[in-house]
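Trainee: Residue-level listing of the chains:
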Amino acid sequence: MKLVADGLAARRGNEMVFQGVGFALSAGEGMAVTGPNGAGKSTLLRVLAGFLRPAVGSVSMVDAPGGIADIAAHAHFLSPLNAMKPALTVRENLAFWRAFGEARAATPEAALERVGLGHAIDVPFSDLSTGQRRRAAIARLFVNRRPVWLLDEPTSGLDARAEATFAGIIADHLNHDGIVIAATHLPIDVPGMKKLRFTDGGGA
Amino acid sequence: MIALIVRDVRLGVRAGGGALIGILFYLAVVTVAPFAMGPDLNLLARIGPAILWTGALLASLLGLERLFQIDHEDGALDLLVIARHETPLALTVFAKCAAHWLVTGLPLVLVTPLLGLLLNMDAAAIGATALTLLVGTPAITFIGAAGAAVAVSLPRGGLLVSVIILPFTIPVLIFGVMATLGAVETFAPFLQPFTFLAALTLFFAVLGPFAAALALKGLQD
Numbered sequence: 001m002k003l004v005a006d007g008l009a010a011r012r013g014n015e016m017v018f019q020g021v022g023f024a025l026s027a028g029e030g031m032a033v034t035g036p037n038g039a040g041k042s043t044l045l046r047v048l049a050g051f052l053r054p055a056v057g058s059v060s061m062v063d064a065p066g067g068i069a070d071i072a073a074h075a076h077f078l079s080p081l082n083a084m085k086p087a088l089t090v091r092e093n094l095a096f097w098r099a100f101g102e103a104r105a106a107t108p109e110a111a112l113e114r115v116g117l118g119h120a121i122d123v124p125f126s127d128l129s130t131g132q133r134r135r136a137a138i139a140r141l142f143v144n145r146r147p148v149w150l151l152d153e154p155t156s157g158l159d160a161r162a163e164a165t166f167a168g169i170i171a172d173h174l175n176h177d178g179i180v181i182a183a184t185h186l187p188i189d190v191p192g193m194k195k196l197r198f199t200d201g202g203g204a
Numbered sequence: 205m206i207a208l209i210v211r212d213v214r215l216g217v218r219a220g221g222g223a224l225i226g227i228l229f230y231l232a233v234v235t236v237a238p239f240a241m242g243p244d245l246n247l248l249a250r251i252g253p254a255i256l257w258t259g260a261l262l263a264s265l266l267g268l269e270r271l272f273q274i275d276h277e278d279g280a281l282d283l284l285v286i287a288r289h290e291t292p293l294a295l296t297v298f299a300k301c302a303a304h305w306l307v308t309g310l311p312l313v314l315v316t317p318l319l320g321l322l323l324n325m326d327a328a329a330i331g332a333t334a335l336t337l338l339v340g341t342p343a344i345t346f347i348g349a350a351g352a353a354v355a356v357s358l359p360r361g362g363l364l365v366s367v368i369i370l371p372f373t374i375p376v377l378i379f380g381v382m383a384t385l386g387a388v389e390t391f392a393p394f395l396q397p398f399t400f401l402a403a404l405t406l407f408f409a410v411l412g413p414f415a416a417a418l419a420l421k422g423l424q425d
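Quick mapping for you: the protein sequence lines, in order, are chains A and B.
Residue numbers for the first sequence follow the numbering used here, so the first one is 1 and each next one is one higher.
Residue numbers for the second sequence follow the numbering used here, so the first one is 205 and each next one is one higher.
No wet-lab data here; the hints were simulated from the structure.
Take these hints with a grain of salt, some might be off.
With beta-carbon atoms standing in for the labels, derived distance ranges [stated by the list, open to error]: (1) 36/A / 338/B: 34 to 44 Å; (2) 392/B / 103/A: 52 to 62 Å; (3) 218/B / 56/A: 18 to 28 Å; (4) 187/A / 357/B: 25 to 35 Å; (5) 338/B / 189/A: 57 to 67 Å; (6) 295/B / 122/A: 47 to 57 Å; (7) 321/B / 156/A: 30 to 40 Å.
Partial list, computed: chain A residues near chain B (C-beta under 10 Å) [as the list claims (entries may be wrong)]: (8) 23; (9) 76; (10) 199.
The C-beta atom is built at its ideal place from N, Cα and C for all residues, glycine as well.
Hey, can you work out the whole structure from these sequences and the hints?
Mentor: In structure tokens form, the structure reads like this:
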């Protein structure tokens, strides 16, 4: 299994956000995308996830399970929005995503334990603090097994301890032959992560 | 897919879901009509089905823009789209429509008998109106899904959605009222308009979700 991006360029309006971005990640490899605000980190992730069409270039999965080349079929996408319903409890939210997807993995209880939020399982999502909401959103990555994780500012709102836990989670996913692409302006402390740096001029 | 229906129904009936607003609007339209028409009981009974259908149609349009907007705002729509290889997007839209109808459309059908009494309609006319609404209102939701998907990224798309889909709902209204009249009056046919109504619902149950899925997939933020 290999994720290959070749000569990517993306446009926002008439302006090129970035161009000439290419990389290949095999199972077990991660990449941190860094750069200043507005450099195109989120745009890159949205292109990879298939929400935006690249202006030039292509993205595909090579030798993927099931033979589907579209990354969307293999990826979790964690956007800055948490995709949780405030009116439902954390358990109900996670149980929904677990039931909606295939390859069901951890139960909501187990997933929340991994992000240290087991005690808040029956609390309405709206009652959680910003950092707890983020952790609940991260717990969603465990309820369905998908090899590719596309993470957009995954650590925003997390405190130092939760950040360390999260670095461990990523390292663990890479050890299990996952692929992680994380866009972040703060460095994530995971050994062996590749780095892709965006600059304001749009180069990389 | 079942999980999505259960979640949306749960969200709809919990506080803030807005399920009651449609019923209140329906009630408002139907109670105001007699004041405008005057106290002629026979007239009211005769045009009662038309008033009920008009009220139900407008009430169904009311909450439609929320169909995808909330999921769009909290990021869930992205995840529904990215899961399209597991659950095809058209099926996802269909499930959302089904849940939306259960929460907003079905209650309209259920309160129809009560509102029929307010209009001096007899039992047969009330039953016929409720039946045609039961068969016809899903079509409005399915048509609305396409409009809601087109307008999802617009900040105030509510009125726009109604304006976009209103023309497409006119046939549903026409056949719905025709079938109701056919069930009550001896000179008018019932079965033909009723089967047309059912056909419209089935037709839009397929076309609406596919059109909405196409619009959602093409959504470029």
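Trainee: Looking at the structure, which of the earlier hints fail to hold?
Mentor: 1, 3, 6, 7, 8 and 10
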